[in-house]
Each structure stands twice: as C-alpha cells, then as structure tokens.
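Colleague: Following the hints, put chain B in place on chain A, whose structure we already have.
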Amino acid sequence: AQSVTQLDSQVPVFEEAPVELRCNYSSSVSVYLFWYVQYPNQGLQLLLKYLSGSTLVESINGFEAEFNKSQTSFHLRKPSVHISDTAEYFCAVSRYSGGGADGLTFGKGTHLIIQP
Amino acid sequence: GAVVSQHPSRVICKSGTSVKIECRSLDFQATTMFWYRQFPKKSLMLMATSNEGSKATYEQGVEKDKFLINHASLTLSTLTVTSAHPEDSSFYICSARDSLAGETQYFGPGTRLLVL
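Just so you know, the protein sequences line up as chains A and B, in that order. Per my numbering, the very first residue in the first sequence carries number 1144; after that it's consecutive. Per my numbering, the very first residue in the second sequence carries number 611; after that it's consecutive.
No lab work stands behind these hints: they were computed from the structure. Just so it is clear, the structure is predicted and the values come from calculations on it, not from any experiment. Any given hint could turn out to be false.
Calculated pairs, DSSO-like style, for lysine-lysine (alpha carbon to alpha carbon, straight line, at most 27 Å) [to be verified]:
hint	chain 1	residue 1	chain 2	residue 2
1	B	676	A	1251
2	A	1212	A	1192
3	B	651	A	1221
Pulled out of the complex, with its shape left as it was, chain A reads as follows (with noise of 0.2 Å):
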C-alpha cells in the first residue's frame, strides 16, 4: 500500500513571493508521482508528473517539483506567485501495473492562499 503526507493544510504567501509545498510518500513498490491543482468550484487538473528520467520536472506555468528518492519527497516550488494561483493542490502517487497506472492515491491537499 501507498500513503501520501501533505504535512500543510494550508498556506498563505503574499504575492510575488516563493513557495513550496511539502509532499512526502511511502511505498514498498516504484511509483509514479503527481500534483493536482483544483480551483474553486472546478474539477481537478494534472499539474505535472514524474514517471522517470530526469528528476525535475516542470510545468506550464511555472511550478516545478523534484522527486528525491532517498528522502521520498515529491515537493511543489513556485519562485513567484500570482493571485491566480489561489487554489487546492493535491499531491497523489500509483503503482504501475500491466496496462499503466493503478488509481491515485491522494495526500489531504494544501490550500494555497495568495495575499496581495
């Protein structure tokens, strides 16, 4: 079985500042990782995702995270954030089997609250 810890449940940062979100797993098998934003009243949408490789990974706007496996830590950072980015980000992992990943499972979500 996997677990996943969002040790935040929420954080307030004022605009333009840097953040990092704190995510940490556990598993007895490889696993993929992922972040999850929802925004308010809307559906949850990939952010981004380690599969292998390189263990940094980015997104289109902005985010990045870094996978250290000998800490098992998938952090979300973001050097400069905008009100927009006020939302629930979810951290979450699966197995691989056969046909691609298993279902996620999910930390609780850290609320992102952006101050002007």
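Modeller: Chain B only, in chain A's frame:
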C-alpha cells in the same frame, strides 16, 4: 487536453432511492476508469477501478453491492448508488486513463450527491 464529463453535476434524492452517475471520456478511449469519493475538507479516496468489459475492482471497505459500477464501452462508465442513505451524501469524482498514455488520469468535474 483530454476531457472527461460527468452527469449529473448535482443530484438530490430521497433516502432509499438509487442514483446513477455517468462518466464519459469525450475525446479519447479509456479501457480503465476510476471512481473516487471526496469528503468535505478531506482528500479523495479511491473507491473502485472500472475496467471495460469486465467486473470492477473495489477498494477495501467499499461495498460492491452498494456502489454498482458498469463499464460498457471504451468511453462510458456508470456508478449507481443503490438504496442511498444520508451518509452516502458526498462528492463523487471519476477519472479516465488514456489507453494510449497509461500513466495519466484525467478527471471529471464531479457529481454532488445529497441524500435527504
């Protein structure tokens, strides 16, 4: 990007009735879909894996006779909450795994179920 729809978006029903929720992949084929449940201020929990043409696989603690899943085609999975009770009130979200890119799941917007 890939689009997944859910219908209805919101449903209110009386205790004891059954409710069917549809999940469709609109522009890709999905041999595998997943059903999740999201409680208020909590994370998503995987309920079951829906495979086209075969029986669904349920997670531990999820009653298969309570939550009937049918995946009759490569673009449609349905979740039927049978004999619904107030404790079944929740936000139900489906995701679809692209058959050609098996590591990523695309999420529907969710269905809010309220059982009176």
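Colleague: Decide, hint by hint, whether the structure agrees.
Modeller: Hints and how they fare:
1. With a C-alpha separation of about 25 Å, the suggested pair residue 676/B and residue 1251/A falls inside the 27 Å cut-off, and the hint holds.
2. With a C-alpha separation of about 15 Å, the suggested pairing of residue 1212/A with residue 1192/A holds against the 27 Å cut-off.
3. At roughly 24 Å between alpha-carbon atoms, residue 651/B and residue 1221/A fall within 27 Å of each other, so this suggested pair holds.
When the structure is compared with the earlier hints, no violation turns up for any of them.
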